[in-house]
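Chain A is already provided as a structure; the job is to place chain B with the ligands on it using the hints.
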Amino acid sequence: MSESSGIAAGRLSAVDVAANFTDVKDPLDRRRALIEASRCYFCYDAPCMEACPTGIDIPNFIRKIATDNVRASAVNILEENIFGGACARVCPTEILCEEACVRMTQESKPVQIGALQRYATDWLMAREGQPFERGEPTGKHVAVVGAGPAGLACAHRLAMLGHEVTVYEARERAGGLNEYGIAAYKVPGGFAQSEVDFITGIGGITVECGKALGRDVTLAALRRDHDAVFLGCGLAGVRALGDEGESLSGVVNAVDFIAALRQADDLTTLPVGRRVVVIGGGNTAIDVAVQSKRLGAEDVTLVYRRGADDMSATWHEQEFAQQNGVRLKLWARPVRILGTGGKVTGVEFEYTRRGADGTLAGTGETFTIEADQVFKAIGQMLVPDPLVEGGNQVLALDGGKIVIDDDRATSLRGVFAGGDCVATGEDLTVQAVQDGKVAAHAIDRFLR
Amino acid sequence: MADLRCEIGGIKSPNPFWLASAPPTDKEYNVVRALRAGWGGVVWKTLGLDPPVVNVSSRYGTLTVDGQRMTGFNNIELITDRPLEVNLREIKQVKRDWPDRAIVVSLMVPCEEPCWETILKQVEETGADGVELNFGCPHGMSERGMGSAVGQVPEYVEMVARWCKKHSRMPVLVKLTPNVSSILGPARAAVAGTADGVSLINTINSIASVDLDVMAPTPTVDGKGAHGGYCGPAVKPIALAMVAEIDRDPECRNIPISGIGGVSNWRDAAEFIALGSTTVQVCTAAMHYGFKIVDDMITGLNDWMDVKGYRTIEDFRGLATRNYVNWQDLNMNYEIVARIDQDLCIKCGLCHVACEDTSHQSIAAMRVDGARRYEVVESECVGCNLCMHVCPVDGCITMHRVDENKPYVTWKDDPRNPMRQAAE
Ligand SMILES: Cc1cc2nc3c(=O)[nH]c(=O)nc-3n(C[C@H](O)[C@H](O)[C@H](O)COP(=O)(O)OP(=O)(O)OC[C@H]3O[C@@H](n4cnc5c(N)ncnc54)[C@H](O)[C@@H]3O)c2cc1C
Ligand SMILES: Cc1cc2nc3c(=O)[nH]c(=O)nc-3n(C[C@H](O)[C@H](O)[C@H](O)COP(=O)(O)O)c2cc1C
Ligand code: SF4
Ligand code: SF4
Ligand code: SF4
Numbered sequence: 001m002s003e004s005s006g007i008a009a010g011r012l013s014a015v016d017v018a019a020n021f022t023d024v025k026d027p028l029d030r031r032r033a034l035i036e037a038s039r040c041y042f043c044y045d046a047p048c049m050e051a052c053p054t055g056i057d058i059p060n061f062i063r064k065i066a067t068d069n070v071r072a073s074a075v076n077i078l079e080e081n082i083f084g085g086a087c088a089r090v091c092p093t094e095i096l097c098e099e100a101c102v103r104m105t106q107e108s109k110p111v112q113i114g115a116l117q118r119y120a121t122d123w124l125m126a127r128e129g130q131p132f133e134r135g136e137p138t139g140k141h142v143a144v145v146g147a148g149p150a151g152l153a154c155a156h157r158l159a160m161l162g163h164e165v166t167v168y169e170a171r172e173r174a175g176g177l178n179e180y181g182i183a184a185y186k187v188p189g190g191f192a193q194s195e196v197d198f199i200t201g202i203g204g205i206t207v208e209c210g211k212a213l214g215r216d217v218t219l220a221a222l223r224r225d226h227d228a229v230f231l232g233c234g235l236a237g238v239r240a241l242g243d244e245g246e247s248l249s250g251v252v253n254a255v256d257f258i259a260a261l262r263q264a265d266d267l268t269t270l271p272v273g274r275r276v277v278v279i280g281g282g283n284t285a286i287d288v289a290v291q292s293k294r295l296g297a298e299d300v301t302l303v304y305r306r307g308a309d310d311m312s313a314t315w316h317e318q319e320f321a322q323q324n325g326v327r328l329k330l331w332a333r334p335v336r337i338l339g340t341g342g343k344v345t346g347v348e349f350e351y352t353r354r355g356a357d358g359t360l361a362g363t364g365e366t367f368t369i370e371a372d373q374v375f376k377a378i379g380q381m382l383v384p385d386p387l388v389e390g391g392n393q394v395l396a397l398d399g400g401k402i403v404i405d406d407d408r409a410t411s412l413r414g415v416f417a418g419g420d421c422v423a424t425g426e427d428l429t430v431q432a433v434q435d436g437k438v439a440a441h442a443i444d445r446f447l448r
Numbered sequence: 001m002a003d004l005r006c007e008i009g010g011i012k013s014p015n016p017f018w019l020a021s022a023p024p025t026d027k028e029y030n031v032v033r034a035l036r037a038g039w040g041g042v043v044w045k046t047l048g049l050d051p052p053v054v055n056v057s058s059r060y061g062t063l064t065v066d067g068q069r070m071t072g073f074n075n076i077e078l079i080t081d082r083p084l085e086v087n088l089r090e091i092k093q094v095k096r097d098w099p100d101r102a103i104v105v106s107l108m109v110p111c112e113e114p115c116w117e118t119i120l121k122q123v124e125e126t127g128a129d130g131v132e133l134n135f136g137c138p139h140g141m142s143e144r145g146m147g148s149a150v151g152q153v154p155e156y157v158e159m160v161a162r163w164c165k166k167h168s169r170m171p172v173l174v175k176l177t178p179n180v181s182s183i184l185g186p187a188r189a190a191v192a193g194t195a196d197g198v199s200l201i202n203t204i205n206s207i208a209s210v211d212l213d214v215m216a217p218t219p220t221v222d223g224k225g226a227h228g229g230y231c232g233p234a235v236k237p238i239a240l241a242m243v244a245e246i247d248r249d250p251e252c253r254n255i256p257i258s259g260i261g262g263v264s265n266w267r268d269a270a271e272f273i274a275l276g277s278t279t280v281q282v283c284t285a286a287m288h289y290g291f292k293i294v295d296d297m298i299t300g301l302n303d304w305m306d307v308k309g310y311r312t313i314e315d316f317r318g319l320a321t322r323n324y325v326n327w328q329d330l331n332m333n334y335e336i337v338a339r340i341d342q343d344l345c346i347k348c349g350l351c352h353v354a355c356e357d358t359s360h361q362s363i364a365a366m367r368v369d370g371a372r373r374y375e376v377v378e379s380e381c382v383g384c385n386l387c388m389h390v391c392p393v394d395g396c397i398t399m400h401r402v403d404e405n406k407p408y409v410t411w412k413d414d415p416r417n418p419m420r421q422a423a424e
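Here the protein sequences line up with chains A and B, keeping their order.
Residues 1 to 448 in this note's numbering are what the first sequence spells out, letter by letter.
Residues 1 to 424 in this note's numbering are what the second sequence spells out, letter by letter.
Keep in mind that the hints were calculated from the coordinates and are not lab data.
If you're wondering where the values come from, they're calculated on a predicted model, not measured in any experiment.
Wrong hints could be hidden among the right ones.
[Claimed, not checked] One-sided and incomplete, this derived list gives chain A residues near chain B with beta-carbon spacing under 8 Å:
no., residue
1, L34
2, S38
3, Y41
4, C43
5, Y44
6, D45
7, P47
8, M49
9, V102
10, T105
11, S108
[Unchecked claim] When the alpha-carbon atoms are kept at most 20 Å apart in a straight line, the in silico EDC-like pairs for lysine to aspartate or glutamate are as follows:
no., chain 1, residue 1, chain 2, residue 2
12, B, K92, B, E117
13, A, K109, B, D394
14, A, K140, A, E208
15, A, K343, A, E246
16, A, K109, B, D343
17, B, K92, B, D50
18, B, K95, B, E158
19, A, K109, B, D66
Note that the Cβ used here is the ideal one computed from N, Cα and C, for glycine as well.
Next comes chain A alone, as it looks inside the complex:
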């Protein structure tokens, strides 16, 4: 075995690592932004707007870029989506606004809405704080659980509406997956933290980090001490494969690895395998695969049990992974994780196919991929424990998510929820922001 096998840090030079983890997108400068903005037709009843979960007035903000009215453009974005900066970087626009752009129909080349959104929000964020005023104090106090996009978007809108907010966050830092989950090259340069500061800059929001629901506070206490509660606690649990090999050293939860990567001060000290296998077909799988490749892993194979169209990672993300040298292996499912001496050595897979009734079926034929590191990325899930009181589940759940109505109200009076912990749409940052915003307005109505 060569020196570089196994799991090791410093596979690439500091210079290469730095290059691999800088901004994956080249931000538009003014000239390019003007040209791109001029491609927008200023549609009536614009399809792009309808496809944005937060309903940003896209033609309006783009027109304002075209006229150098950039501040007002950014305000247009932020008034619907206070995480406009993050969303401009992380939204899978190819299945959202840009997919719906009429230029897509016309010439398969949508207006680069995300890039323009970034141009405007970066412009504003570089010059000033968040542009909204805190509302006339109502004397009401709302508890928000989780300082991710859902929680903070809710808190910000509540502050605009005049309510006092305390955010309870289990982790050391606010930001949720923007801080611990999103691929590093999408939000480099401490963007997540500066955006948290930008958002909380409105005032009236206290973020208490290190305070977990179920550990440090209870739902009953939050309801007692506050006028309303918003749950934006995301999906803190990780699905298991249910294989005994999972305990082998070298078998890692993708989200834990990514969180460590996002928190590492020096990426050259972060160990990564030489031959990496990723199991899963979503964002997390793509991100862990590409980031391990960019850290210097030699072979990275992402194995997914169904076809490309079934992956929750978009076509664009799949392409991106391939451009980064990740091998995508479809129609195969893990049978066994192999190891010796307590260390993982590979994974045995079985070929699959779509059965007659559409369900997945194994073909019986197997193959093995050698690996010194295996990432499990088969999904995150809600940790329901904090929602259990006196042995009773106090909130209605369905399919592992909190049940809500259109107002994001849960089955418990005065308790609202949004983001990944509910089932409003795809688990995306932009959807979490919309949930938080909608819930804030519902809470406001509830409190008045």
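This is chain B with the ligands only, laid out in the frame that chain A set:
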């Protein structure tokens, strides 16, 4: 292969594409580069009496539309700022080296007969093919009693044209300023003064923009700005109308026209020719992209003529003038309505909002199974064309005739006309 040769007022040119009198034609160096690129002729940058004028900096302002630079172009330059003798020497050399090209010399001197007589003699000695009288420049020179100050007074135009014909054997083109209420005044004066042709338009009096920091018109010169001359693609419609006006005017007696104003490609040139021009002159497009653009002009015009079956410029010159009529001669019975090709439609909704907000509420916005659909309400459509113009997809909205070929009835004879003379 079409024959692009042309002759205007006795000046021969291998093709109708000339460079207008302006910076591109200010020196032998530039002119030679242009002739090498294939331009059929040049009108040398306007000469005046020594001592030469002095220019300021900066000199140009622009109108940018949706990122397209130089859509409109504005300048506060004067005539040539080089000594007369230098220009004359270079003109002579160029004409000697390029005998097949049209070398025309633009002139602007004070409104006194001896001044014109002197300079005409000097130009004649260069062997130039003709002169163009610059009565057009709206700035700088007009304050000195030259340029558009002359061009705006038909009597002066006629008088100077006459002097020039009297004192020179060379063909005389009169360059007209558009800064008049009717172009026919100076045009008819040029005809009366026995000029051999007219060139138009010169630049339009303009302020390109206002610098909102400096609070001055652009281009700013040390915090101040002066009005200048406007040209470029944005002025083409104005120039076309003036060219057509002259071409159809019986009193102008088919005086040859060199069309100028926003010509940027072969199609623009064809339009000027269709309205009666024999040659076209180009300034802004060359200043934007360099001389190579003439290649597109020559090949484009040639291929289009081949497709249309026009062998020479004369074959289609002025054909559109015949159909240039006054409003009261239009057919009141002609009716068209918009039609949308649903397969081409990209659902931008612009046709709907334009018609709904600003016109006749005749494009309905619908949702069919959730999908957007825009449909013309034919009974409401007045055939104004607005939707067709705003639609970003070529050929998606077309106009269709619905009057079932009713007879041609003009307003004069239209029963709806209260002033109509009784038919019987
Ligand atoms: C690896 C990865 C990559 C992703 N990439 C993208 C992407 O590129 N684009 C995109 O749009 N989306 C992406 N997503 C999805 C996106 O990050 C989430 O949809 C979004 O963050 C959801 O926001 P949230 O506020 O609901 O949850 P989270 O961001 O998860 O925030 C929840 C917060 O609640 C806290 N919390 C949890 N439990 C408790 C508790 N008991 N008490 C107190 N606090 C608690 C958590 O610590 C966390 O800070 C990605 C997700 C992952 C995992
Ligand atoms: C910078 C500049 C200087 C000009 N100088 C002259 C001039 O000296 N004499 C003249 O007759 N016209 C002059 N013109 C006008 C041009 O010859 C031409 O009539 C006008 O620009 C319209 O053509 P275009 O739209 O192709 O530019 C000048 C134009 C420009 C832009
Ligand atoms: S928030 Fe996301 S989906 Fe909405 S417009 Fe911006 S980039 Fe598109
Ligand atoms: S659909 Fe495209 S062109 Fe139309 S408004 Fe949206 S971004 Fe502009
Ligand atoms: S303007 Fe053209 S493309 Fe747009 S909706 Fe109307 S018909 Fe369709």
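Q: List, from low to high, the hint numbers that the structure doesn't satisfy.
A: 8, 11 and 18
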